[in-house]
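Respectively, the protein sequence lines represent chains A and B. Start counting the first sequence at 0; every next residue gets the next number (numbering that gives the first Met the number 0). Start counting the second sequence at 0; every next residue gets the next number (numbering that gives the first Met the number 0).
Hints may be right or wrong, so weigh each one.
Identical copies go unnamed one by one, so any copy, or any two together, can satisfy a pair.
Simulated pairs of lysine-lysine, DSS-like, Cα-Cα distance not exceeding 27 Å [said to hold, decoys possible]:
1. LYS1 x LYS45
2. LYS45 x LYS19
3. LYS82 x LYS1
4. LYS19 x LYS31
5. LYS31 x LYS5
6. LYS5 x LYS82
7. LYS5 x LYS45
8. LYS1 x LYS19
Treat the hints as calculated values from the structure; they're not laboratory data. Computed from a predicted structure; not experimentally measured.
Protein chains: 2
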Amino acid sequence: MKSYNKVNVIGTMRTELHDKLELTGAEISVNKLPVGEGVPFVHAHKQNEEIYFILEGTGRAEIDGENVGLQEGDWIRISPAAKRQFFASADTALVYVCIQVKANSLENYTAADAEAVITDFSGRPPEVYKLN
Amino acid sequence: MKSYNKVNVIGTMRTELHDKLELTGAEISVNKLPVGEGVPFVHAHKQNEEIYFILEGTGRAEIDGENVGLQEGDWIRISPAAKRQFFASADTALVYVCIQVKANSLENYTAADAEAVITDFSGRPPEVYKLN
Numbered sequence: 000m001k002s003y004n005k006v007n008v009i010g011t012m013r014t015e016l017h018d019k020l021e022l023t024g025a026e027i028s029v030n031k032l033p034v035g036e037g038v039p040f041v042h043a044h045k046q047n048e049e050i051y052f053i054l055e056g057t058g059r060a061e062i063d064g065e066n067v068g069l070q071e072g073d074w075i076r077i078s079p080a081a082k083r084q085f086f087a088s089a090d091t092a093l094v095y096v097c098i099q100v101k102a103n104s105l106e107n108y109t110a111a112d113a114e115a116v117i118t119d120f121s122g123r124p125p126e127v128y129k130l131n
Numbered sequence: 000m001k002s003y004n005k006v007n008v009i010g011t012m013r014t015e016l017h018d019k020l021e022l023t024g025a026e027i028s029v030n031k032l033p034v035g036e037g038v039p040f041v042h043a044h045k046q047n048e049e050i051y052f053i054l055e056g057t058g059r060a061e062i063d064g065e066n067v068g069l070q071e072g073d074w075i076r077i078s079p080a081a082k083r084q085f086f087a088s089a090d091t092a093l094v095y096v097c098i099q100v101k102a103n104s105l106e107n108y109t110a111a112d113a114e115a116v117i118t119d120f121s122g123r124p125p126e127v128y129k130l131n
């Protein structure tokens, strides 16, 4: 596997990134619900936590029967068993990211998982990294 | 744990979502690098795959010494051991999401992990779900 993969996604109705990026710890999709439309089913998950991120537009989610308003910049975690359905509002499309990860799979993160590499592997002095 | 948590993040320099959303399968941060600035260190991870999503601006990443241009709509997966560093360009700030997940932790996803719930738990006829 390459040390990284990159793809650009703008303006599609639905793009699934798992295979495109060779993801091993998540599935991620970028989605657009047209004005006034909703996902045509309610769904839940077996073991995956879902995290939604609203990029554009407004709408609402029904989560276990509760109505949750949605706007740009909103992030929502949903437990695997929760019943969920997303809707765009009557006057804007809803563009959002959906991230699926296995619930309780994360062991460490940020400082506990990262190692700062002080060595300047590109041969430039470290202070160059402070400003571009 | 509640069946969902929600938070709105717009315009901050760095917001970490793990605790705010009670995430169990990921850490997610929303970050802004000011015009001309870079993260002041190179880093790698022990067990986490990182996925970056560029929201605004342009910049570049150095990944294992390779220069990778960045623009809005770019998604990048980076293997745990890869050495990485992100920079905003000289004329725009770089706003991006960083998702950390445990590499190889995802077992099933989408159709294999989801269960469609046909029952209309809110008491409305199913056809209501098709349009908002």
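Evaluation of the provided hints:
1. LYS1 x LYS45: between (31 Å within a copy, 17 Å between copies)
2. LYS45 x LYS19: both (24 Å within a copy, 23 Å between copies)
3. LYS82 x LYS1: between (37 Å within a copy, 13 Å between copies)
4. LYS19 x LYS31: both (19 Å within a copy, 26 Å between copies)
5. LYS31 x LYS5: both (21 Å within a copy, 20 Å between copies)
6. LYS5 x LYS82: Classified as between; 16 Å across copies, 32 Å inside a copy.
7. LYS5 x LYS45: Close across copies (21 Å), not inside one copy (29 Å); limit 27 Å.
8. LYS1 x LYS19: within (12 Å within a copy, 33 Å between copies)
The structure fails none of the hints (numbered hints given earlier).
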